[in-house]
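Trainee: Chain residues, written in single-letter form:
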Amino acid sequence: MSAPRRATDPSGLERYYVVTRGRSGPGGPASSLDVATLIVSLSAPVPGMQHEHEDILRRCRDPLSVAELGAHLGLPFNILAVLLADLLEAGRVEARDPIPAHDAGRGPDLALLEEVLSGLERL
Amino acid sequence: MDLKGFDHPGRTAGDGTRSVKVMIAGGFGTGKTTMVRSVSDIRPLTTEETLTQASADVDHLIGVADKTETTVSLDFGKIGINDELVLYLFGTPGQERFWFLWNGLFKGALGAVVLVDTRRLASSFRAIEEMERQDVPFVIALNIFPDSKDHPVEEIRDALDIAPHIPVVACDARDRASSRDVLIALIRHLKEYSAGPGEPR
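So the protein sequences, as listed, match chains W and G. So the first sequence is numbered by my numbering: it starts at 20 and just counts up by one. So the second sequence is numbered by my numbering: it starts at 3 and just counts up by one.
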C-alpha cells in the first residue's frame, strides 16, 4: 500500500481553507485593518456561530489588537482579516484603527504625543 | 445578547481605548526583538503573514503549500500608556525582502526606531532608506553590544549619512529603561517635527 495520508497539516493551509471557507483577501470593511487596529465585541456569541467567530467575540470583550488576536488564535493576518470582515459586516464587532500619525499633512497631534510621552516617563 | 458581560454598556474598563503604533526597524540581528521584549508590558507575541496572499495570482505552480518557511513573522509588544491609550511596538521582519508583504505596515505608525549594530553598520542601511522612502519619522538607536567599540556618535552619523536633525542615541536593547529612553527620544523628535511643519526631515 502507499504511505498513509499525512494526518497533520503542518503548513496550516488546509485549516485556513476551512476556517475561511475558501475565501481569501478581505474586502469591504476589513480592507483597512491594521495589525494595531483594536477590535471590540458589540454582541455576545450566538448558538450555531462558527467557532472562530465565537472565539473572537469572546476575546474582544475588552479591546484587543488584530495582532494579539492573530497570535492568540494562531491565525495569520490575512486569514483573520476574512473572519473579522464577517463580524464587521454583521455589526458584531467594532474596529478602531490606530490613531493616525498624520492628520491632513500635519505631524501627529501634539496633545497625543504629550500623552504618550508622560506614559513612557512613568514606566 | 444575554450573556454576561455584554449587556452592560460602560462596564468595560478602557471602553474608549485607542491604540498607537511604533515600528522597531533595523537590520538582521540588530536587537529588534530584544528591544520589543525588554520594554513590553506583555510577553511579546508573534503574528504571522503567509506568502499565500501575495503570491496567489502569480505562482500557483511552485508548491507554496509545502513551503512553511514562506511565513514571515512580526514580533510585537505593548505598553499601557494610560487607561485609554495603548502603544503597540512592532519589530519589522528581519529579512527586508519580505517588507513588501507588510504593505501599510508603516502606515499609521507614529514613527520608527532604527536599531543599528555599530559593528555592522551596513546591515541597517536598507532600513534607513526604507524609512526615508516611506516618509516615516525616525530616530537612530545604536545598540551597544559588549564588544562594540566606543565610536563617537558624530562619526557614526557621518558613516550612516544621517541628516543633522535626526537624533542618534546609544542604548542597550536588553535593558527596559534604556529601551524606554529610546522611545522617549523618538516621541520628543516627533514633537519637534510636529511643532515645525514644513521643515525637511
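Think of the hints as simulated: they come from the structure by calculation, not from any bench. Please note that a few of the clues may not be correct.
Below, in silico cross-link-like pairs of lysine to aspartate or glutamate (DMTMM-like), each with a Cα-Cα straight-line distance of 25 Å or less [stated by the list, open to error]:
1) G:LYS193 - G:ASP163
2) G:LYS109 - W:GLU108
3) G:LYS193 - W:GLU108
4) G:LYS193 - W:ASP116
5) G:LYS193 - W:GLU113
6) G:LYS109 - G:GLU131
7) G:LYS193 - G:ASP183
8) G:LYS151 - G:ASP177
9) G:LYS151 - G:ASP163
10) G:LYS109 - W:ASP128
11) G:LYS193 - G:GLU134
12) G:LYS109 - G:GLU134
13) G:LYS193 - G:GLU156
14) G:LYS109 - G:GLU132
15) G:LYS193 - W:GLU134
16) G:LYS193 - G:GLU132
17) G:LYS109 - W:ASP116
18) G:LYS109 - W:GLU133
19) G:LYS193 - W:ASP128
20) G:LYS109 - G:ASP43
21) G:LYS151 - G:ASP137
22) G:LYS109 - W:GLU134
23) G:LYS193 - G:ASP152
24) G:LYS109 - W:GLU113
Trainee: Confirm or reject each hint.
Mentor: Hints, one by one, checked against the model:
1. With a C-alpha separation of about 23 Å, the suggested pairing of LYS193 (chain G) with ASP163 (chain G) holds against the 25 Å cut-off.
2. Simply put, LYS109 (chain G) and GLU108 (chain W) have alpha-carbon atoms about 24 Å apart, close enough for the 25 Å limit, and the pair holds.
3. Under the criterion of a C-alpha separation no larger than 25 Å, the hint pairing LYS193 (chain G) with GLU108 (chain W) is inconsistent with the structure, at around 38 Å.
4. Annotation: proposed proximity of LYS193 (chain G) to ASP116 (chain W) holds, straight-line Cα distance about 22 Å (limit 25 Å).
5. For the suggested pair LYS193 (chain G) and GLU113 (chain W), the alpha carbons sit about 30 Å apart, so the restraint of at most 25 Å is broken.
6. Straight-line distance between C-alpha atoms of LYS109 (chain G) and GLU131 (chain G) comes to about 16 Å, which keeps the hinted pair within the 25 Å bound.
7. In summary, the hint linking LYS193 (chain G) to ASP183 (chain G) is supported, as the alpha carbons are separated by about 15 Å, within the 25 Å threshold.
8. Taking the CA atoms of LYS151 (chain G) and ASP177 (chain G), the gap is about 19 Å. The hint holds against a cut of 25 Å.
9. Between LYS151 (chain G) and ASP163 (chain G), the direct Cα distance comes to roughly 19 Å. Compliance with the 25 Å bound is thereby established for this hinted pair.
10. Simply put, LYS109 (chain G) and ASP128 (chain W) have alpha-carbon atoms about 16 Å apart, close enough for the 25 Å limit, and the pair holds.
11. Simply put, LYS193 (chain G) and GLU134 (chain G) have alpha-carbon atoms about 18 Å apart, close enough for the 25 Å limit, and the pair holds.
12. With a C-alpha separation of about 13 Å, the suggested pair LYS109 (chain G) and GLU134 (chain G) falls inside the 25 Å cut-off, and the hint holds.
13. Straight-line distance between C-alpha atoms of LYS193 (chain G) and GLU156 (chain G) comes to about 23 Å, which keeps the hinted pair within the 25 Å bound.
14. Annotation: proposed proximity of LYS109 (chain G) to GLU132 (chain G) holds, straight-line Cα distance about 13 Å (limit 25 Å).
15. With a C-alpha separation of about 11 Å, the suggested pairing of LYS193 (chain G) with GLU134 (chain W) holds against the 25 Å cut-off.
16. Of the supplied pair hints, the one linking LYS193 (chain G) and GLU132 (chain G) holds, its CA atoms being roughly 22 Å apart against a limit of 25 Å.
17. The suggested pairing of LYS109 (chain G) with ASP116 (chain W) holds, with an alpha-carbon distance near 11 Å, which does not exceed 25 Å.
18. Restraint check for LYS109 (chain G) and GLU133 (chain W): satisfied, since their Cα atoms lie roughly 21 Å apart, inside the 25 Å limit.
19. A C-alpha spacing of about 9 Å is found between LYS193 (chain G) and ASP128 (chain W), which places the hinted pair at or below 25 Å, so the restraint holds.
20. A distance of roughly 24 Å separates the Cα atoms of LYS109 (chain G) and ASP43 (chain G); the hinted pair therefore holds under the 25 Å criterion.
21. For a cut-off of 25 Å, the pair hint linking LYS151 (chain G) to ASP137 (chain G) is broken: about 31 Å separates their Cα positions.
22. Annotation: proposed proximity of LYS109 (chain G) to GLU134 (chain W) holds, straight-line Cα distance about 21 Å (limit 25 Å).
23. Straight-line distance between C-alpha atoms of LYS193 (chain G) and ASP152 (chain G) comes to about 30 Å, which puts the hinted pair past the 25 Å bound.
24. Proximity of LYS109 (chain G) to GLU113 (chain W) is assessed by CA-CA distance (about 20 Å); at most 25 Å being required, the pair is judged to hold.
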